[in-house]
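Colleague: Residues 1 to 295, numbered by full-length UniProt numbering, are exactly what the sequence shown covers, in order.
Treat the hints as calculated values from the structure; they're not laboratory data.
Quick caveat: nothing in here was measured; it's all calculated off a predicted structure.
Be aware that one or more of the hints could be misleading.
What the hints assert, rightly or not - Each computed EDC-like pair below joins lysine to aspartate or glutamate, with the alpha-carbon atoms no more than 20 Å apart:
| hint | residue 1 | residue 2 |
| --- | --- | --- |
| 1 | Lys-111 | Asp-58 |
| 2 | Lys-81 | Asp-58 |
| 3 | Lys-114 | Glu-90 |
| 4 | Lys-114 | Asp-146 |
| 5 | Lys-81 | Glu-113 |
| 6 | Lys-114 | Glu-227 |
| 7 | Lys-111 | Glu-90 |
| 8 | Lys-111 | Asp-273 |
| 9 | Lys-114 | Glu-186 |
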Amino acid sequence: MNDPDSRICIIGATNYPDRLDAALVRPGRLNRIIRILPPVAAELAEIARQHLGADLPDVDLGPFGEIALGATGAQVAGWVKDARTAARAEGRPMRAEDLYGAASPPDVRSKREKTRTSIHEAGHAVGFEILRAGHVNQVDIIPRGDCGGATSIAPRQTRAPLREDIERLAIAILCGRASELVFLGEACGGSGGTDDSDLARATALVAGIHGSFGLGAGLAYLGTMDEVSRGLRSDEALRATVEADLARLQSEARQLVERYGTVVQAVAEGLLDRRVVSGDELRGLIRAASEGDRR
1 MNDPDSRICI IGATNYPDRL DAALVRPGRL NRIIRILPPV AAELAEIARQ HLGADLPDVD
61 LGPFGEIALG ATGAQVAGWV KDARTAARAE GRPMRAEDLY GAASPPDVRS KREKTRTSIH
121 EAGHAVGFEI LRAGHVNQVD IIPRGDCGGA TSIAPRQTRA PLREDIERLA IAILCGRASE
181 LVFLGEACGG SGGTDDSDLA RATALVAGIH GSFGLGAGLA YLGTMDEVSR GLRSDEALRA
241 TVEADLARLQ SEARQLVERY GTVVQAVAEG LLDRRVVSGD ELRGLIRAAS EGDRR
């Protein structure tokens with residue numbers, strides 16, 4: 001493999017480059033790492049333009065890129081194909097609504113369900129930005145499988161998190177549920193129920209504080225934060241500690257939502273109206289609210 005004339009190229013791929021063994025990526029081995037991040041809105045629009053070819057030449061695809069944020073290039077290619085198929089089935093040229101309909105099918109949910117989802121996602125978005133737990137790219141209420149909406153976040157991660165950093169992230173995750181409590185009087189079960197739910201993620205973070213990261217009362221390493229979280233079923237004392245912390249963090253999330261209630265409402269209204277609110281629009285609303293408080 002050290003033959004300079006060799007035409008063999010070895011390529012590896014992983015979603016977790018930070019977990020690669022140092023011996024694997026040292027000089028002379030797989031030392032060149034190319035990070036391919038998910039496409040941003042402008043790039044998604046360009047990908048769509050490439051696959052559209054001669055179709056929709058005069059259509060501004062900027063809004064499409066915003067709606068498609070979080071998708072892969074392959075998904076965009078699939079949407080273009082679906083849009084082309086829909087137009088062909090009706091014996092006409094492709095229209096912009098064909099493409100938008102493929103990427104964001106009509107929402108058949110009730111007004112009540114869409115309102116709850118909008119309030120929930122707005123709470124997340126405001127929480128992440130205010131707490132600087134992540135940079136919000138976009139928030140939407142576009143249904144995707146079992147998910148009724150999403151807040152797209154570029155995480156602000158550190159290899160050496162403090163307890164405060166982890167708790168801020170947990171609070172932001174709990175802000176969706178807190179927003180429901182503040183504006184609707186009660187939370188639905190959508191915050192829990194699955195291993196990737198808000199409650200599961202917040203529980204794992206808090207469990208990690210006490211049993212994985214050494215940031216609680218004890219120093220014993222009990223496993224990864226997910227392993228510690230699963231161990232709560234049989235560890236009554238640790239479960240009580242985690243439950244107390246979660247209750248405190250939920251209270252802090254509720255206080256944040258109440259303080260920035262006008263922003264949460266504005267974002268929720270934007271979601272109900274347009275289904276998508278950009279991160280820039282969110283930050284503009286937060287700045288306006290902060291300036292109003294200073295007057």
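Colleague: Next, verify each hint and record whether it holds.
Modeller: These are the hints, each one checked on the structure:
1. Lys-111 - Asp-58: violated (34 Å)
2. Lys-81 - Asp-58: The hint holds at about 19 Å.
3. Lys-114 - Glu-90: violated (31 Å)
4. Lys-114 - Asp-146: holds (14 Å)
5. Lys-81 - Glu-113: Violated, at roughly 31 Å.
6. Lys-114 - Glu-227: violated (35 Å)
7. Lys-111 - Glu-90: Violated: Lys-111 and Glu-90 sit about 31 Å apart, past 20 Å.
8. Lys-111 - Asp-273: holds (11 Å)
9. Lys-114 - Glu-186: Holds: Lys-114 and Glu-186 sit about 15 Å apart, inside 20 Å.
The structure does not agree with the numbered hints 1, 3, 5, 6 and 7 stated previously, though it agrees with the rest.
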